[in-house]
Structure formats: structure tokens, C-alpha cells
Amino acid sequence: MAIEAVLIDIEGVLGPLSFLDETLTPYASERLVAFIAAHGEEDEEIEEALDEAGRLMGGFSLKPAEAGALLLRWMKQGRKPTPLKIIQGRIWQEGYASGAFRAEVHGDAGPSLAAWKAQGLRLFTFSSSSELAQKLWLSSAGSDAESLLDGFFDTRMGQKVEEEAYKAIAQEIGLAPAQILVLSENVDELDAAASAGLATLRIARAGGDSGRHPAVADLASIILP
Numbered sequence: 001m002a003i004e005a006v007l008i009d010i011e012g013v014l015g016p017l018s019f020l021d022e023t024l025t026p027y028a029s030e031r032l033v034a035f036i037a038a039h040g041e042e043d044e045e046i047e048e049a050l051d052e053a054g055r056l057m058g059g060f061s062l063k064p065a066e067a068g069a070l071l072l073r074w075m076k077q078g079r080k081p082t083p084l085k086i087i088q089g090r091i092w093q094e095g096y097a098s099g100a101f102r103a104e105v106h107g108d109a110g111p112s113l114a115a116w117k118a119q120g121l122r123l124f125t126f127s128s129s130s131e132l133a134q135k136l137w138l139s140s141a142g143s144d145a146e147s148l149l150d151g152f153f154d155t156r157m158g159q160k161v162e163e164e165a166y167k168a169i170a171q172e173i174g175l176a177p178a179q180i181l182v183l184s185e186n187v188d189e190l191d192a193a194a195s196a197g198l199a200t201l202r203i204a205r206a207g208g209d210s211g212r213h214p215a216v217a218d219l220a221s222i223i224l225p
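Under the working numbering, the residue at position 134 of the sequence shown is numbered 134, and the numbers go up by one with no gaps.
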């Protein structure tokens, strides 16, 4: 079955993982508690995210200080629930707006996306970062990558290591799973995608074991029919 769409991770594929690990994550961690204290009771989106965090903990109504401590703990544990991702995205929005940092995008990202788009492929991202955070990353880098994408998926579809998330995305796109190619550097994510019936390709910019998945060194090395 021919590939009709490409589902692309941002971290490690379109942009370097180091930007997330060394810039974005520390920035959010340092400001998380103060941001929740300032916005948790007056910003509808943040209030809804905190309510959802409480539901994930069993239906608790969290005070701002309690919510801040919980979300910080989730960050330290490497967990990626949607409420945390929404709040991180809003914190990063302030950072981009203030000029605290500017994102990095790999040089092959824009040209590769443009070439695939010209072939008639539909292009989507799937990231643990919120849709807002994804758009901020791509737009702040001065790349035309964002304008070439047909849609952005985040943890509202499920976690990236869960098979059901990829099935849900295939249904949302309206294609058979086998018509979608997933590009990621993470083998666990590719395993989940393959279990859901999607085609997979590991972007191994830093090398490493690719498991059962074919691998290429960068986006420029991909040849799609």
C-alpha cells in the first residue's frame, strides 16, 4: 500500500533533542510554580489544565501550590500528561516572546518537507509537546516547516509509546495505518506505531540501535515514492 502521509516527530527529527533537554525543559522547570501561581485562577486554559491534573490524580481539587509541586514531580519523573504539556507550552510562549531563546531546526527539515509536499504527501507532526509548543518551535526558528504541515498532533491523541494513539491518528487523518509513515528517533515510539500497522523509519542522527526499524542518518537520505 502506497504511503500517502508522513507523521513526523519534532524532537530529534525536525529539531535537535538538545534544544528540548538543555533549553526548554530547564526554562519551564524554573518558572512552573510561579506561572501556576500567577495564572492558575484567572486563565481559563490553565485552570482547565489544573482541573485535569486533579482528575488524573483521582479527582482531587488542587490548590496552585499543590498543582505546581505535582507538575514539577511529573517533569522529574519524565511523565508527559497533557495538562503538563499545555502549561509548558504557555511558559515557552512567554520565553519566545521575550527573546529568552530561539528554537533550532535541522537544515534538512524545510527542504525535505517541501519536497514531500510537492510529491502530494500529507504532512503531520506528532509530538509530546503541545500543539502550541510545536508551532512556536518551528516558527521561531525562521524555518518554513510550519507552513508545510497539514496538522499537528499531541498527547491529546494519547502517549507516543501507545499503540492506540497511532490508531487514533490514522482514523483522524482518514487513511489506513499502512498508508502512513512515522519518522522518529525513538525506538519505543516506532514499536508502538508498527504495532498499530503504520510504516516506520528511524531518523538516527546520533546513531544507535534501531531495533526492527529501517534507519537513515537524516531526512535528506529519505527517498519516498
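Some clues are possibly wrong.
[What the hints assert, rightly or not] 27 Å max Cα-Cα, derived DSSO-like pairs, lysine-lysine:
hint: 1; residue 1: LYS117; residue 2: LYS167
hint: 2; residue 1: LYS76; residue 2: LYS63
hint: 3; residue 1: LYS117; residue 2: LYS135
[Said to hold, decoys possible] Cβ-Cβ distance ranges computed for the label pairs, FRET-style:
hint: 4; residue 1: GLN77; residue 2: ASP191; range: 15 to 25 Å
hint: 5; residue 1: PRO214; residue 2: PRO26; range: 31 to 41 Å
hint: 6; residue 1: MET57; residue 2: ALA217; range: 20 to 30 Å
hint: 7; residue 1: ASP191; residue 2: SER98; range: 33 to 43 Å
hint: 8; residue 1: ILE223; residue 2: SER195; range: 22 to 32 Å
hint: 9; residue 1: LEU224; residue 2: GLY197; range: 10 to 20 Å
hint: 10; residue 1: GLU22; residue 2: GLU45; range: 21 to 31 Å
hint: 11; residue 1: PRO26; residue 2: GLY120; range: 12 to 22 Å
hint: 12; residue 1: ALA37; residue 2: LYS117; range: 26 to 36 Å
hint: 13; residue 1: LEU224; residue 2: GLN77; range: 33 to 43 Å
hint: 14; residue 1: ALA168; residue 2: LEU224; range: 36 to 46 Å
hint: 15; residue 1: GLU47; residue 2: GLY120; range: 39 to 49 Å
For the record, the hints were derived by calculation from the structure and aren't laboratory data. Using N, Cα and C, we set each Cβ at its ideal position, and we do this for glycine too.
These are the hints, each one checked on the structure:
no., hint, in the structure
1, LYS117 with LYS167, "holds, 23 Å"
2, LYS76 with LYS63, "holds, 20 Å"
3, LYS117 with LYS135, "holds, 18 Å"
4, GLN77 with ASP191: 15 to 25 Å, "holds, 21 Å"
5, PRO214 with PRO26: 31 to 41 Å, "holds, 34 Å"
6, MET57 with ALA217: 20 to 30 Å, "violated, 42 Å"
7, ASP191 with SER98: 33 to 43 Å, "holds, 39 Å"
8, ILE223 with SER195: 22 to 32 Å, "holds, 25 Å"
9, LEU224 with GLY197: 10 to 20 Å, "holds, 18 Å"
10, GLU22 with GLU45: 21 to 31 Å, "holds, 27 Å"
11, PRO26 with GLY120: 12 to 22 Å, "violated, 41 Å"
12, ALA37 with LYS117: 26 to 36 Å, "violated, 43 Å"
13, LEU224 with GLN77: 33 to 43 Å, "holds, 37 Å"
14, ALA168 with LEU224: 36 to 46 Å, "violated, 24 Å"
15, GLU47 with GLY120: 39 to 49 Å, "holds, 43 Å"
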